[in-house]
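Read off the chains here:
2 protein chains.
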Amino acid sequence: MLYTASFSKLIEVFQKMPGIGHKSAVRMAYYILSLSDSEAQEVVNAITNAKEKMHYCSVCQNLTETDPCDICSNHKRDKSVICVMEQPKDVIALEKTREYYGLYHVLHGSISPSDGISPEDLKIKELLQRIAGGEIKEVIMANSPSIEGEATAMYISRLLKPFGVKVTRIAYGLPVGGDLEYADQITLVKAIEGRHEI
Amino acid sequence: MLYTASFSKLIEVFQKMPGIGHKSAVRMAYYILSLSDSEAQEVVNAITNAKEKMHYCSVCQNLTETDPCDICSNHKRDKSVICVMEQPKDVIALEKTREYYGLYHVLHGSISPSDGISPEDLKIKELLQRIAGGEIKEVIMANSPSIEGEATAMYISRLLKPFGVKVTRIAYGLPVGGDLEYADQITLVKAIEGRHEI
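Residue numbers (numbering that gives the first Met the number 0), protein chains in the order written: chain A, 0 to 197; chain B, 0 to 197.
No lab work stands behind these hints: they were computed from the structure.
Any given hint might turn out to be false.
Any copy, or any two copies together, can satisfy a pair, since identical chains are not distinguished.
[To be verified] Straight-line alpha carbon distances no greater than 30 Å define the calculated DSS-like cross-link-like pairs of lysine-lysine that follow:
id, residue 1, residue 2
1, Lys122, Lys8
2, Lys52, Lys160
3, Lys165, Lys15
4, Lys52, Lys8
5, Lys95, Lys22
6, Lys75, Lys8
7, Lys88, Lys122
8, Lys8, Lys95
9, Lys15, Lys160
10, Lys165, Lys78
11, Lys122, Lys22
12, Lys124, Lys160
13, Lys15, Lys52
14, Lys88, Lys78
15, Lys136, Lys15
16, Lys78, Lys136
17, Lys78, Lys52
Remember, it's a predicted structure, so these values are computed and weren't measured experimentally.
Only chain A is shown next, with the shape it has when bound in the complex (with noise of 0.2 Å):
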């Protein structure tokens, strides 16, 4: 064996990371060993407190320290609303835009029968307590142009229609089949401009 017990550990909890391949997994762990003890415990509390105090919000289901979250309970945001999201980096690609004002609802995750996934595993109950509350007037899905977010779109639409709220469906300004954290910020924009009644 080449590497120690706790060396080989180190390397394989970092190989399991996303985009992170064995060479890259190797110097990682160096890197972890040239910190002096302070710099290490600084990593392990980032890990710690992350995973301690970020939550979902109660009320739209995005990732949170407080509770209801920033944009939640911003007064400027236009409660009337709802722009509803795959994924918490989906939020974060949209604020970065910064021309959306309204509310967002992050279902976590799209209906995927071969993943396993149905609707009850994803936060659809939770979007339709808020638009039972009255106050909403739009909801805009923005889910991933995927096959499986677009049936996700469809199939939440539906169960909207008898609340008479307005559901509209971001534009393909999107490339199909790709993925909607990495599209540029105009092309982001021009979606959301160009959507339209489902």
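Since chain A is already given, all that's left is putting chain B on it; use the hints.
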């Protein structure tokens, strides 16, 4: 602020790691949040354990969990030859070739006045103590083929002359200016075979 404080901090510590840019750090931070509490604890434990258990071998100064390390305490190794290396990862690179059966000595760097690294910052004193023990017949200087590595090899070879020990330099089969860690195994073996007396 788009990210919460604890999440920003997590991104920050990942972004300090070698080869990790902002996008990778964000993905890694989301990955941490996606882990179960026990999985996140596994990451934390791996870091803490490696920091606690890994130290320098009192003989060869390589990273180890035991003391002396597995190589120094292996009776099958040739105790008359020491290969001097800059970094623990260089030892791994040579061990992977399975063609070298002697001992090692890790300097933990090269002499580099511009970076403020003087001979006293390296494990040179410890090397001289080993040579003074009298058992060593040959010291192979396997410093990287860089200006600093070459200078360090020459500096140490001059210190070793009074001991009457044979001092050799790993052959230039390695690409000059390159990083020893990334050399392919055949090149490394050729370089060991083609070593010459300084």
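Exercise. Can you list which hints this structure breaks, lowest number first?
Worked result: 2, 3, 9 and 15
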